[in-house]
Amino acid sequence: MKTGLKAREEVYATLLEQLLASFAEPQEDTQLTEWGWPPKPQYSFTEKRSGPREGPKQPFFLINMKASAETARISWSMKKYPCYPRDRAWHNPLRVARLGTGAEGFRVEQAGQGGQPGAISAFIDVTYSGWPRPKEGIFVEGSSVPLREVAVIKRLPGGDGISVMSYVDGLGVKLDDILFVLHVPSAAVPLRFTEQSFYVSENFEEIPMYAPTGLDFIDINVPVKNLIKKLYQLYLQEEQEKNSKREKQDRRGSEELVCQQEEELMLQRHETDEEKLERLRTRREESKKHRDLRRELKEAVHHMKGTTRTSEEEEQHEEEYDPMLLPFLFQEECGLVKPLEELCQSEKRCDGSVVEVMDQEVSS
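Heads up, the final residue of the sequence shown is numbered 502 in this note's numbering, and it's a clean run with no missing numbers.
Incorrect hints may appear among the rest.
[What the hints assert, rightly or not] Cross-link-like lysine-lysine pairs, in silico, DSSO-like; alpha carbons within 30 Å at most:
(1) K292 with K204
(2) K380 with K368
(3) K443 with K426
[Said to hold, decoys possible] What follows is a list of derived Cβ distance ranges for each label pair:
(4) E166 with A241: 25 to 35 Å
(5) G297 with G275: 50 to 60 Å
(6) E343 with E409: 57 to 67 Å
(7) R226 with E402: 51 to 61 Å
Treat the hints as calculated values from the structure; they're not laboratory data. For glycine and all other residues, C-beta sits at the position ideal for the given N, C-alpha and C.
Kindly produce the complete structure, drawing on both the sequences and the hints.
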């Protein structure tokens, strides 16, 4: 009885054989070449163009595969085009098939509706130059035969998806129920995400894909879904860190704004205090000037009053002095005045006039 691993490898070998038999290389696939690179009509110089350009005889259904990062589900849609729409640079059409079942088991069917052919967009990954060489003779858990590295899952340059790139010639790939062949090394198929806000982290590490030696076929359905779950968790973690960092920056910015407002308020208060001090200093200086001016005026008034009083006192003294006492005052100044008692006695003895007394005093 065949084991599950052996039976699966036999199924893969059958599918790969059918794919290689059904799908020629793109440059040898005339239908795909005509659809992807329609030839330009040839006209002679004398022949006039009539009517629109004729499209390819065999139109294809273009399949657009996408994955949901949140649910890790792979979905695809298809649309019929008369010619391959080159909406992305460096992308070319690649024929695909769908996995069907019948009485004889699994088989390869046309991917388009009504048995018509289908294609997906593929590109050549120019970042791979053939080095390093894929590893061979690898034993992994659950495998009893040696494996070799046949493909790698990489991050798209824009971070909006991932890609599966082949290391070998004629690699059969199964994703969901879509089957295709990567005919040459560095041939890759992109898988973008439905969430526009989602991105693949730059810390993403490439994931190698292995196949049994001699069987270049891989089923990437489970590995891709598991990878999407990890990428989504990494995305949430980075977004949480970004939000936390943004909150810290906002908090720091708010604190800086509050500090700045407090500094501005303190500066305004300081300026207000300086203005108050300046006004107080000005008032004090003006008050001092007024006091000095009042003192000067007061001193001037006192001086004027003193001068007036001196004049009045002199006049008063002149009025109070008796002319008869002038000789005595004169003698007092000369040191010749006699004591007052003697003058009084002499006045009593003298019955003469004051003039005679003065003459007598002068003569004596």
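Status of the hints after comparison with the structure:
no.	hint	result
1	K292 with K204	holds (16 Å)
2	K380 with K368	holds (18 Å)
3	K443 with K426	holds (25 Å)
4	E166 with A241: 25 to 35 Å	holds (32 Å)
5	G297 with G275: 50 to 60 Å	violated (34 Å)
6	E343 with E409: 57 to 67 Å	holds (60 Å)
7	R226 with E402: 51 to 61 Å	holds (54 Å)
Comparing the model with each earlier hint shows a violation of hint 5 alone; every other hint is respected.
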